[in-house]
Each structure stands twice: as structure tokens, then as C-alpha cells.
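Peer 1: Order-wise, the sequence lines are chains A and B. Here the first sequence stands for residues 1 to 281, numbered as in this note's numbering. Here the second sequence stands for residues 1 to 319, numbered as in this note's numbering.
FYI, nobody ran anything at the bench for these hints, they're computed from the structure. Check the hints yourself; a few may be wrong.
Partial list, derived from the structure: chain B residues whose beta carbon lies under 8 angstroms from chain A [stated by the list, open to error]:
1) S30
2) L76
3) K89
No residue lacks a Cβ here, since even glycine has one placed at the ideal position from N, Cα and C.
Letter by letter, the chains look like this.
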Amino acid sequence: MEGGKACAPSGVFAHLEMLEVQSHEAAVKQEEMEQQEEKLARLKATVQELRLRRDELQAKVDLQQKGQLGKEGVMLPPAQPSAQAVLEWKIKSLKAMLRLFYLTGISGKLTKKGVCFCISTAYEGTYLDSYYLDLLTEPEVQIYRHSVPIFIPLEEIAKKYLQTDIRRFLSVLSDHLNAYVQRRYQADQLQKHFSDQIEGKLQRNSLCDLLVFNYNVSRKSKTFLFKVRLLYGDLCCSLPTEAVVSCASDAPASVAEMAAAHSGLFRRVALHKAFRSFGSA
Amino acid sequence: MDNSIFQVYEDEIQSLEEEIELLAEKYEDSQQESTFFSDEEILMSISSYQTEIKGHEFPSNLKAELETLETDLSFLMKFTGIQFTNHSKKTVEKTRNRTVQKHRLSGNCHSLSFQLDFQLLEMQNKENVSVVITDLSIRMESGENSDVSKFVERAEECGNLLTFFRSFSSYAEWYEHRRCTFRHFKGNYILKHDPEAGLCRSCSEVSHPNMRSESGGSKGIMAKYPEIVTLPEGLLGDHIVLRNPNTPGFELMIVWKIHMDEEGVTIPVLDLLTKVPEKGLEQKMATIENAPSHFRSVLLLLGIEAAIDNLIKVVGSEK
Numbered sequence: 001m002e003g004g005k006a007c008a009p010s011g012v013f014a015h016l017e018m019l020e021v022q023s024h025e026a027a028v029k030q031e032e033m034e035q036q037e038e039k040l041a042r043l044k045a046t047v048q049e050l051r052l053r054r055d056e057l058q059a060k061v062d063l064q065q066k067g068q069l070g071k072e073g074v075m076l077p078p079a080q081p082s083a084q085a086v087l088e089w090k091i092k093s094l095k096a097m098l099r100l101f102y103l104t105g106i107s108g109k110l111t112k113k114g115v116c117f118c119i120s121t122a123y124e125g126t127y128l129d130s131y132y133l134d135l136l137t138e139p140e141v142q143i144y145r146h147s148v149p150i151f152i153p154l155e156e157i158a159k160k161y162l163q164t165d166i167r168r169f170l171s172v173l174s175d176h177l178n179a180y181v182q183r184r185y186q187a188d189q190l191q192k193h194f195s196d197q198i199e200g201k202l203q204r205n206s207l208c209d210l211l212v213f214n215y216n217v218s219r220k221s222k223t224f225l226f227k228v229r230l231l232y233g234d235l236c237c238s239l240p241t242e243a244v245v246s247c248a249s250d251a252p253a254s255v256a257e258m259a260a261a262h263s264g265l266f267r268r269v270a271l272h273k274a275f276r277s278f279g280s281a
Numbered sequence: 001m002d003n004s005i006f007q008v009y010e011d012e013i014q015s016l017e018e019e020i021e022l023l024a025e026k027y028e029d030s031q032q033e034s035t036f037f038s039d040e041e042i043l044m045s046i047s048s049y050q051t052e053i054k055g056h057e058f059p060s061n062l063k064a065e066l067e068t069l070e071t072d073l074s075f076l077m078k079f080t081g082i083q084f085t086n087h088s089k090k091t092v093e094k095t096r097n098r099t100v101q102k103h104r105l106s107g108n109c110h111s112l113s114f115q116l117d118f119q120l121l122e123m124q125n126k127e128n129v130s131v132v133i134t135d136l137s138i139r140m141e142s143g144e145n146s147d148v149s150k151f152v153e154r155a156e157e158c159g160n161l162l163t164f165f166r167s168f169s170s171y172a173e174w175y176e177h178r179r180c181t182f183r184h185f186k187g188n189y190i191l192k193h194d195p196e197a198g199l200c201r202s203c204s205e206v207s208h209p210n211m212r213s214e215s216g217g218s219k220g221i222m223a224k225y226p227e228i229v230t231l232p233e234g235l236l237g238d239h240i241v242l243r244n245p246n247t248p249g250f251e252l253m254i255v256w257k258i259h260m261d262e263e264g265v266t267i268p269v270l271d272l273l274t275k276v277p278e279k280g281l282e283q284k285m286a287t288i289e290n291a292p293s294h295f296r297s298v299l300l301l302l303g304i305e306a307a308i309d310n311l312i313k314v315v316g317s318e319k
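Chain B on its own, in the form it takes in the complex (with noise of 0.2 angstroms):
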């Protein structure tokens, strides 16, 4: 009797645990893909399972793992500003080297919401594992008067996720920057450095619910703010007027919209537009002309900021 024989029952076997492990494996994703236990369901098990547990030597490493994951996937979101709120996968294909998962993801990204759809192909190579996207889909909330079609679909035509997420990331601290120095300015509270109080990241705007009787030498000028500061499209909208009551049908609009171009770079442009009434200020006429670019350079010396605030100052001044 020859070798062949044996090699040949040998290699159907081999073949035939290498099916098993992979029916396997798919038998698992499946389940897991197509349950759902809700979050009461995974308290309800937690203090079961401790009390299963309390009888054996071994320790519980069941429920200290969920909460690493749940604590790194907490600070994870936080950090990035990317929350997200709802995943659903399908292994559509698997093989011994390759995995095919359809994905459909949705959450936040700080306030702006977003939708993907796409396909992830996993293969096996020699060395390490590839990723790469197909099919990407992708829906986002881009606010008002911003055209970001152009961004969107030359992404979804290279299945470009890493370029969207990034893009999308700092168009939404953009936009997060925007709504802060709206609200700071409409009249909230500034405290640096207080570590028990909310923080705005991008512009280090803090509220805190002891602000009105810490507020201390800038109580006087903060008072004011409300009175000459409006945003008539409320923090969400895209400008910031400014009027003095004592010099009615003067105004300053100082508008900042944000732009995202082709390649997903953010572009805020901020831009001061005058309204003179017909009589009365003729005098100021040229400072009010060299306004806005006056508004550009301060810009560019001292941030949005200082340059808001020096215009709210010199509305505030007139008499």
C-alpha cells in the first residue's frame, strides 16, 4: 500500500477542519450581527453573572473587561468629538484570507450628524492584515448655505473614510468654535482654568453655574453685551449683529461662514458688513469705509476673538 492513499484521506481531512473552523466562525459573526440585547438586558446580566460567579474560585474578569471597553470607548469619544450611535455589519463573504462585512454606521461628530454606508474587505496577507473600503456612502449634516456636494462625492468615489472622518472632524470643531464665541459673546461667562466647569475646547469657554457671582471686574462690560449683541438666527446661524441703542439704524454685521472645498479643508470666512443710516454719521464716514478691512487685520493680528471684541467695544462706545 502506497503513501498516496493516506495523503489523499490526510488532505481531505485537513481541508475538511479548516470548513468546520470557518462554519463556525460565520455561525458566530451571524449571531452576533442579528442580536440585540439592550442596555437594561446588560445591567440585568452584570449583577447576575456576579452573583453566578460568587461561588468559584476563579476570578470575574467577564465584567472587568466591559468596563475597560466601555471606559476607553467613553474616552475615545470624548477626545475625538466622533460619537458613535448607532452600528450595524453584515459578513456578507469569508474565506480562509478574506472577510467581506457590510457596514451602515451613523453618530455625531460634536453636533453634526453623519451616515456611512460602506463595505470593509479584510484579506490575509503574508505579513498582516489589509483594510480597504469599497462602496462608501456617505450622508452629513453640513448646515446651512454650505455646499460640501463636491467634498462628499469625491469621497464616496475613492472610498475615501480616513479623508471624510478628518475633514468632517474639523469642519465640525469649526462649526462647535463658531456656536462657543457666538455664545460667549451673546453674553455668557468667561473662567479660565476652572476645573469643575464645562469646557469648550476650542475656545477655552467654560460655564460654570457659579459664574454671575465670580464674575468680578468684567461684570460691568459682560452686563452690556446682551444689549448690543444679537444673532438674529440664534448660535446656530452664520452672523452676529451689533447695534447701539443710542445710535439707532447703525449697525455691524459680522459674518462667518464656513466652507469646506474638494479635498475636505475647512475654510471659515469671516467678513464685516456695515448699515449706515442716511443721516447722522457722515462725519464717521470713513472709518466706517475702512471698517472691514480694518476687521481683516485685526483678524489676522489677533484672532477672532479680540477682533469681535474690539468692534463690540467701538459700537459700545458710540454715544
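Isolated chain A, as found in the complex (with noise of 0.2 angstroms):
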């Protein structure tokens, strides 16, 4: 070899090589922080667009709250309003009225072929299911659909009043589905609050009409068991026609009085109601 620096030509190549891979990964590397920080500032700006809307709009509505305030009369919107937007207006006002019938019980919209009537249920100031009667009014009344569960005799009430009185029909279907969901309700709320005084399971059919269950009341750091069996003879009734209260046949008077006691009670008082009372006793 003749003067110089004498390097293996594989060597060179490796090294050239592998400042070629080390640039090649260092522009990823500065393309992608690049990337990030693109996104970075895109999300600051959206943040900061959002931000600004919010607090524009929020002013909006403070001003109305003011504004609503200051005088108890009806306020005009300032500008003249387009006719498009006053019906706008009318629409929602109406359709806010339609759903207040929900509120009464009876609501319902005709259809092509007759009426669509929704029978709504609560219990007490909470509303639960409502139910569904689609009607043909040609050639004569009928139902066409329903949502009515199964249980319900729906087609003994029909058979009586569909015909000849459809208002009175409305309200004895209405009388039994209300009847049907709050006796449910009952025994939700005993399942969900009083879960630890019911021993073992609590056996209940789908119409609710007959409950059988075991349960303990304390008094005094005593327990007592007790078994009852609820019917719920009237359909259209949500509280029970008869309560057998049943106590260990060893048990003493006292506790046989206290079966007795809850007999009364239970036909009196809503079922969660009646173990409320039991606590705060």
C-alpha cells in the first residue's frame, strides 16, 4: 500500500452507511416532533376558539337572565322577528302543550286511519311506563297495536266498553295498567331499599298481584321473622286485599300481636312505605 490512510473499503461503506441510517432517523425523528407540535398548537388554538365561544354565549345568557329579572312582563324579542321564526315559535309552544297531556294521563295523535292513544302511569309524582293503544276508528272501533302487557285483561275490558263508550274504556284499561305499575313500584322499592330485612328471596308474579316473601324486623337488638303472603284481590287497586302475617309457631305472644299488627298495616300503607315505618319505629 502506497502512503495514505489504508481503510478496509467495507469498513467505509459500513460507516457511511450508518451515518446515512443515523440522518435518515434523525429527520423522522425531527419531522414527527415537528408533527407534534403542529398538533399541539392546533389543539391550543381550538381550546382557546372553544373557550371564547363559551364565554361569548355565556355572556348571552346572562343577559337574559338579567334582563328576565328586571321586568316580570313578556319580553319581545329586539329585532323584528321573521315569519319563519314565529312559527318556529307556535310549533314548539304547541308541542310543548301536547306533552303536558302526558302529564294528565290521556294523550295520544290521530293517524290516518284513527288514533294513537298513550296511557301513561306514576306513582305518586314519579312517572313510570306508558302504553301504547293504536286505533282504527273504520269500520268500527278497534285496536289495531298496543303495547298492553299480556297479563293485563285487555280484551275483557274491550269486549265491555270499546264499542260504546271509548272514554270510559281509556280509563278502567287505565285504572288497571296504573294499579298493575305501582303495585311493582312497591315491591322495586322494597327489593332496593330494604334488601337486608327481606330473607331470601322475594317471590312475585308478573301482574304483581301476589307477593310471598320472608322478613325480619328488629326491635330492641331482637330480631323477629316474620312470613307474609300478599294478594292483591282488585286489579284495579294497589294496595292488598289480604296480608297473612305468619310467625315461627314457637314464637311468643308478643311476637304473634306484632304479625298481626303488620297484617293491618300492610293493607293500609304502600309496602315501602310500611317498612319505613318499621325502621323508624
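Quick one: dock chain against chain with the hints and give me the complex.
Peer 2: So this is what it looks like as C-alpha cells:
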């Protein structure tokens, strides 16, 4: 070999390759970083924009509130509203009123061939399930479709009243549905809030007109066990007609008295309220 | 740079978007609730809207939508007898899952009026929306001599709006039924199955403009009724007095009271009182003494109209 450095050719190439790879990786990393910075910048900008929009809206709403507190009277929109805006207002207004009918228990709408009624149910202030009845009016009034559960005697009630007095039909059906939903609500509330007092399983049927379960009541650090069978003989009523409460056969007379008292209570007071009163007694 | 910093910004973006949506809804609600347009303004808008959209291709469904809603509402009011005359609501709280509104609602149920104030809470659960009524305050017209305060108190305590509507409906229907029955016996006309005529639903009494000429066979008896039947307190009173001018001093009073118990069940109570002059009707004393219980039996067997009709015929036939 003559003068100069003498490196093996493979070594130089390898070194060059390595440098190329390194430079490539560095470029990729650089690009990634730039992309991420861009993304971050975009996100920051979006957040700024949204914050601004939010603050504007908030100011608008606050102004509205102030305006309403200032004068009790009705406020007309500042500019002359378009015909479309007025109609849209009226439509919203009517829709709100139609929704109010839901609160009365009977609501509905006209269909091409008849009426579709909606029966709402409630337990005190809580509205529960609603049931639909799609009726045809020609040639005679008939039920086309409905969402009434199968254990409600719909056919029977329809046979009696549907042709002659449709309001009465809906009213009687509503009585049945409301009573069923209220019985179910009481049993659900019992299982939800007083499960520690229920021993074993609460036996109930779909119509919730028969409930059988064991429960315990504590008094002065002593626990008493009872078994109860509640029969709701009147399907339009949410209180039982029969409440058979039994205790252990070897229980003292005072416990038997308790059982008798409970029996009376269950027939007068809603189930979950009765259990609530056990707790506070 | 790790992802967590992105996440922080993305979370904030999502929460801001939700806030904006909510605020926009709040603003809309507030606008809606504080605006009012009269019926004339609505009508004007309908006609100007129609001219506005005439040039365009898409069909106007705003007007159609308005008409459908008005038809539905009018049907419901007629069917249930419940008419809302005034409604104002205010959204008090609105979050993603919860809306609280204050309502003031007044209206009539048949001829009796009511005014309600309540708070309505709507909550969005995973499956459905739940509606709960609180702070219920009820004022209802209950007519004379009727103590419905116990029922009202109970309903208000439990927020029992649904029961209030159902009970009040039934109560008002009985009021209407009584008024129609009294009017019927006072000497108005009966004609069934006439689609042209106005209908008193509960007693199927119908008033028709051409009535007099079509009374036919019953005209004779109808003409006598006004003499025998009097309503000392008018159609809205709770009693009807029957007397025959041929037997002065002798009167039958049918009292029809409508009560509502604590549970909201409407209880109509009918009774018969007799007034007999000192002399002249001694031989009929037994019949007269039995009249109230006889009336009650006929009531159970044949119903109210038939029982009253029966008595009118009895009084009318006295010479």
C-alpha cells in the first residue's frame, strides 16, 4: 500500500451506511416532533376558540337572565322576527302543550286511520311506564296494535266498553295499568331499599298481584322473623286485599301480636312505606 | 412528547363542546319561554311564510306541521274535556342529565277550572328519561258544598299530579252529567243518534236547532215538565224540585250531591226529600213515607234519569 490512510473498503461503506441511517432517523424524529408541535398548537388554538365561544354564549345567557329579572312582563325579541321564526315559536309552544297531556294520563295523536292513544302511569310524583294503543275507527273501533302487557285483561275490558264508551274503556284500562305499575313499583322499592330485611327471595308474579316473602324486623336488639303472603284481589287497587303474616310457631304472644299488626299495616299502607315505618318505630 | 398532554387538551375540548351545546339550549329555551306571539301575529306569519317560500323548490312543511299539531291538540282537548287555557314554564336548571322546569298551568276540566303550579324534573338515565313532579300546588273549582280540601292536600303532599287529573276529570264529568240531566228535565229536548247536533256525552242528551218540530209523541209530556220541574238554584245547583200545581204544598225534592273523598274517588249521592202539607194527603202518607227508599231502589235498578223520570210522572199524574 502506498502512503495515505488505508481503511478496509467495507469499513468505510459500513460507516457511511451508519451515518445515513442515523441521519435518516434524525430526520424522521425531527419530522415527528414538528408534527406533534403542530398538533399541539392546533389543539391549543381550538381550545382558545371554544373558550371564546363559550364565554360569548355565557354572556348572552347571563344578559337574558338579567333582562328577565328586571321586568316581570313578557319580553319580545329585539329585532322584527321573521315569519319562519314566529311559526317555529308557535310549533315549539304547541309541542310543549301536547307534552303536558302526557302528565294528565291520557294523551295521543290522530293517525291516518284512527287515533294512537298513550296511557301514562305514575306512582305519586314519579311517572313510570307508558302504554300505547293504536286504534282504528273504521268500520268500527278496533285495536290495531298495542303495548299493553299480556297479563292485563285488555280483551275483556275492550269487549265491555270499546264500542260503546271509548273514554270509559281508556279510563278502566288506565286504572288497571296504573294499579299494576304501582304494585310493581312498591315491590321494586322494597327490594331496592330494604333488601337487608328480606330473607331469601321475594316471590312475585308478573302481574304483581301476589307477593310472598320472609322478612325480619329488629326491635331492641332482638330480631323477629315473619313470613307474609300478600294477595291483591282488586286489580285496580295498589293495596292488598289480603295480608297473611305468620311467625314461628314457638314465638311468644307478643310476636304474634306484631304479626297481626303488620297484617293490618300492609293492607292500609304502601309496602315500602310500611317497611320504612318499621325502621323508625 | 407523550400522549397525556394531548389527552388533557382533548378532554378540555370535549367538555367545552358540551358546555357550548348546553348554553345554546339554555339560550333557546329562555327565548322560547319569554316570547309570546298573539294569534293574529301567527296568522300573519303563516300567510307571509307562504309567500316567502312560493319561489322555492322545497315544500313548506312548517305550515303543515303547525296544522297537524293544532288538530291533535284540539282533538285531545275535546276528547278528554281538559282544556289548557294558559301555560308558562321556566327552565330553572339544565345540565347534561338533568332539567328542572317550573310550570304554571291553568285550564278547565269540562266546566270546572283549575290552576296548577309545579316543578318538573327530567333526568336522563342509561335507558330512558324519568319525570318527577315536586312542589305541587293545586287550586281547583269544586262547586258549592263540596269539601275537596283533604284530597287536594294529599295530592299536593305526594306530588300526585296524575291522580289529580284523573280524579278531577271524573269529578267534572259528574258535574257535567248532573247539569245535563237537570237541563233535560227542565224541558229541553231529547233526540238520540243525530250526528248534526251538539252532544252532552255523559247523558247522550242532544240539543238541536230544529228540535221543537221533531219532538213527535213525547211532545205532550215534554210540555208538562216545565211546570212540574223547578231548579231553585239553577242548572248548577244541587237539587231539583217537583211540584204539581194541582196539589199545592206537596213537593218532592231530589238532592244530588257530588263528593270527592280523600283518595280522589268521586261519589255522587242522591236522595229524595218530601214536603207534605198538613192536611189533604193523609191517605197517601204511607206511599209518601216510602218514597225515599223506593227512589233509591229505582235508582239502583234503572239509573238516575229513569228514577227522576218516574217521580216526575208520579207527581204529574196527581189530580
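Peer 1: A separate judgement is required for each hint: does it hold in the structure or not?
Peer 2: Status of the hints after comparison with the structure:
At about 5 angstroms, the closest approach between the beta carbon of S30(B) and any beta carbon in chain A falls short of 8 angstroms, and the interface hint on this residue holds. Taking 8 angstroms as the C-beta contact cut-off toward chain A, the hint placing L76(B) at the interface holds, the least distance being around 5 angstroms. Hint on K89(B) holds. Least Cβ distance to chain A is approximately 7 angstroms, under the 8 angstroms limit.
Of the hints listed earlier, there is not a single one the structure fails to meet.
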